[in-house]
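Sequence order for the protein chains is A and B. Letter 41 of the first sequence, counting from 1, is numbered 41 in our numbering, and no numbers are missing. Converting from the second sequence to our numbering requires adding 96 to each position, the first position being numbered 1.
Treat the hints with caution; some may be incorrect.
[What the hints assert, rightly or not] Computed footprint of chain B on chain A; a stretch qualifies when at least three of its residues, placed anywhere within it, have a C-beta under 8 Å from a C-beta of chain B:
| # | region |
| --- | --- |
| 1 | 16–27 |
| 2 | 48–58 |
| 3 | 79–85 |
Since the hints were derived computationally from the structure, they do not count as laboratory data. Where is the CB? At the ideal position from N, CA and C, for every residue including glycine.
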Amino acid sequence: MALTREQIASIATLARLELTPEEVPVYQDSLSRILEFVGALERADTANVTPMAHPLPGLTQRLRADAVSEVDSHERYQLNAPLTAAGLYLVPKVIE
Amino acid sequence: MGALHTRTLTQLAEGLRRKSFSSVELVGELLARIEKSQPALNAFISVTAPEALAVARAADRTLAAGAGGALTGVPIAHKDIFCTEGVRTSCGSRMLDNFVSPYDATVVAKLKRAGAIMLGKTNMDEFAMGSSNETSFYGPVRNPWNPKLVPGGSSGGSAAAVAARLVPGATATDTGGSIRQPAALCGITGMKPTYGRVSRYGMVAFASSLDQGGTLTASAADAALMLREMAGFDPRDSTSVDTPVPDYVAALEQPIAGLKVGLLAEFFDKGLDEDNERCVREALRVFEGLGASVTQVSLPNLPMSVPVYYVVAPAEASSNLARYDGVRFGHRCENPRDLSDMYRRSRGEGFGAEVKRRIMTGTYVLSAGYYDAYYLKAQRVRALINADFIRAFAAVDVLIGPTTPTPAFPLGAKTADPITMYLNDIYTIGANLAGLPAISVPCGFVQGLPVGLQIVGPHFSEARVLAAAHAFQRVTDWHTRVPVGYT
Numbered sequence: 001m002a003l004t005r006e007q008i009a010s011i012a013t014l015a016r017l018e019l020t021p022e023e024v025p026v027y028q029d030s031l032s033r034i035l036e037f038v039g040a041l042e043r044a045d046t047a048n049v050t051p052m053a054h055p056l057p058g059l060t061q062r063l064r065a066d067a068v069s070e071v072d073s074h075e076r077y078q079l080n081a082p083l084t085a086a087g088l089y090l091v092p093k094v095i096e
Numbered sequence: 097m098g099a100l101h102t103r104t105l106t107q108l109a110e111g112l113r114r115k116s117f118s119s120v121e122l123v124g125e126l127l128a129r130i131e132k133s134q135p136a137l138n139a140f141i142s143v144t145a146p147e148a149l150a151v152a153r154a155a156d157r158t159l160a161a162g163a164g165g166a167l168t169g170v171p172i173a174h175k176d177i178f179c180t181e182g183v184r185t186s187c188g189s190r191m192l193d194n195f196v197s198p199y200d201a202t203v204v205a206k207l208k209r210a211g212a213i214m215l216g217k218t219n220m221d222e223f224a225m226g227s228s229n230e231t232s233f234y235g236p237v238r239n240p241w242n243p244k245l246v247p248g249g250s251s252g253g254s255a256a257a258v259a260a261r262l263v264p265g266a267t268a269t270d271t272g273g274s275i276r277q278p279a280a281l282c283g284i285t286g287m288k289p290t291y292g293r294v295s296r297y298g299m300v301a302f303a304s305s306l307d308q309g310g311t312l313t314a315s316a317a318d319a320a321l322m323l324r325e326m327a328g329f330d331p332r333d334s335t336s337v338d339t340p341v342p343d344y345v346a347a348l349e350q351p352i353a354g355l356k357v358g359l360l361a362e363f364f365d366k367g368l369d370e371d372n373e374r375c376v377r378e379a380l381r382v383f384e385g386l387g388a389s390v391t392q393v394s395l396p397n398l399p400m401s402v403p404v405y406y407v408v409a410p411a412e413a414s415s416n417l418a419r420y421d422g423v424r425f426g427h428r429c430e431n432p433r434d435l436s437d438m439y440r441r442s443r444g445e446g447f448g449a450e451v452k453r454r455i456m457t458g459t460y461v462l463s464a465g466y467y468d469a470y471y472l473k474a475q476r477v478r479a480l481i482n483a484d485f486i487r488a489f490a491a492v493d494v495l496i497g498p499t500t501p502t503p504a505f506p507l508g509a510k511t512a513d514p515i516t517m518y519l520n521d522i523y524t525i526g527a528n529l530a531g532l533p534a535i536s537v538p539c540g541f542v543q544g545l546p547v548g549l550q551i552v553g554p555h556f557s558e559a560r561v562l563a564a565a566h567a568f569q570r571v572t573d574w575h576t577r578v579p580v581g582y583t
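Extracted from the complex, chain B is given alone in its bound form (with noise of 0.2 Å):
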């Protein structure tokens, strides 16, 4: 057979349900490459081969009896971020390295009863703390663009993966940017929803009204696919939301003549590239030429959206990291003297310098006297960009820009100052502090190396946002380019 890798998602959904190859073949020519391609990329932190070609042997069984789901035979890759039951869980850190989960988590256990084969867990910065992957306890990922660079983060190794078609769809999670930012800088497409569309039941937290799974994908066609098996109610999230799942897929063919588009006035700032400005703006000519209306619209509280996340994220973190106290499981340092120092030896340990940069910013903001001035007054900000997006969506029905302000950078360059690694983020934040679902879909690039362009909706808008990326994809081939040596 061979090639099966070039295949998008659906297409693979499609030929094995037709039979056209077996599940067995195509998890193991995707094991291949992921084995061929570790050294270049380090997009894995763990690879599950026998229990992959196990469950495939099972879905052709499956299959052969006219059975299955929707993704029954379909490989793909989790984020090391979601609990896999009997599999290394390890959050990119020291802290997790040992720890087997025992039990799934909900976005888990529902891509498997969808039929979907988990090939492994994908590298990724420590407990989703960076921009570019380069904080992972495993080694930095690299850009399969360009081995010098780096793929974006915090979900780098997932869009490693499937820019270099290791596997068609990877799980990821977005707490300021990490699907979106990873999938612009490697030329794939990746959609947030909104908060609470996704369990994050199993899902290891890091700030937790902020933090949102969703997919890596070489298409919105292949996100909708994905994300309908994905998205629901879990009553084990006490903020998953019980509203219903739209077919997303039955929704792509909705035409987008008469959309509303705004045009973020404030993405296109002094800090975005000249060539990734002209990429966007290109792209809005398509959205034009497809029947949508172009309107600039303005957030005026937009630009405070990094200090505004660099306050309220490392807040929330603090807390939720203050779990790893070396007693019931990750990692306790050796002959402690006492509880005290058990606790600050093995955390002092356990963490890398990033993920201690953020507990301690969190834990100074959150402390008595500061308070007032750092978490209140960020969150007071938060509600004022919250009802900058309100405002906006009263009168267009999407918004659009750019998802990051340059194209992918080298590795090393941004590590020395903080700031300007947090800047990164800087046109993705505000769908988090929102809450808002936003995908990132190829839209140009720049010496040879992929932009993205963000489409941003109202809360549970999921299938408008879908589909106005999908008809752009049908009209363009940015989506389809695959990197040198990964054809």
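Isolated chain A (complex conformation) (with noise of 0.2 Å):
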């Protein structure tokens, strides 16, 4: 199936990705191409199939005592934040 340039502004929206006006139609032709590739899909015979998430089966998520186990490290993990001050990560003003 062909997307349009508005479907392909409105998914680059959702994933909050700005795009260049030369991007919009590479991403258009190759996000069509790769859909009717895997288009394919819709002629396996899956009734009654259970979708499969994980490959390993019967796995179940683990609970751990909710005991201390980090210390706090926020100054070491803040040396890569773009801004902060106070211990904070700045950002542009939200609420005016």
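Using the hints, put the two chains back together into the complex; each one sits in its own frame.
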């Protein structure tokens, strides 16, 4: 199936990706081809088949004791942050 | 001393223990080889020379005292997808170009504890999305067998480094073939363990139900030694499996007489290059000569593995890569107007073309109205493929086929059409969908280029898969060939 420019723009908005005007037709073409390619799955008979989310069936989520296991290392982690102040991550103003 | 690079990982570990040479000598020789190769191969993103030499000096002291672990003093490289404390972990992306990991991945920590020394971080496709190492922000890696050709991907830097004997072993990851395909194209041994066998903690996530760490080495015996140190339960990885790790090295010599080998019918399709097919069929005769019995088996749903993968993997990737928002780490755009502008431009600038393509594909197949038709449908077909494997392993011990349809291809040959590139992984994706251990070993050459043979086993059969590969390598010498210029 062929995607429109508007559909590409809407997918990019959902994915929070800024696309340049030149990128839009490129993704329009390649995403359309990918969707056509994966469209082959339609032909598989999957009636009564349970979807498989995980390769090791029977594996259950483990729980751990509710005990402190990590120390506060925010100063070390924030060395990678683009902008911080007083131990907080700074972003553009959200509420006026 | 000189020429230590010609020895295997196993031989180097042994030589260091016997003090035939020092770790400082060995590390020094390999660092010089890395530096010399870099303009031609571009296999490394970061080289940690001063740190490596300091650790080598300490390793020599440990060895002199008669102490140490299984890999004390042995140099290795890590794919730049594994977090390394205090060292840039870029994942081949502009997004993480400035990211210095505050902690070690479990795999990195375990290999450190075993005594291995990191020489650097290897180049890779951006966020492991690619089959040719051409999507890296740091430029493509070139194949040591011919610099006009790709090394495969996404673990192309690790594969080229081992093939060129810059390091005796390297870590790698495999989501759809990213260990086995570059191993095949570079003429080395690539081992992807069972999903859950090796911890994913600190391994940058791409598609969490498929990603698995493993090894690139010159031989199956070296893979056994490295994997034995890497594998094991990790409470920090919620899908890590709490099953004891067998001694893969001790299990290498188990006889393969009587081994039931299944020849995977669907792998001998029209896409398979006829010279590749000839090499693989000759390899099967080697297995028969060793006393294995070969029967043909069919996995009728396997041809759908690539379409399943290109729904499931992008869907999981779009979710995993949502964390790169320019807030806490990674690239942030200049002068954002507001929060939304910051997200959009940081991600638009930080991610490369293929990563954006996969994020958008994943976003689309998970979006309202398409979730059932694409994502749930793909998960259902995944279940059919998994059931095919379970049925096959009721009749045979291992499945054997080619790793790739063709030998290495030229740079740029498959970048125009994503589908052509995706079809490189047609024989490797099945093992990821079902979470199975699989290895690629060299099984011949076509016009001077290596060809890979793939051996796939049931869950947690690493010991058997490695032993089968080792038995093959005891009677063949394809894995000992080294590209001209790197001998």
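Here is what the structure says about each hint:
no.: 1; hint: 16–27; result: holds (count 8)
no.: 2; hint: 48–58; result: holds (count 8)
no.: 3; hint: 79–85; result: holds (count 5)
Consistency with the previously given hints is maintained throughout, with no hint failing.
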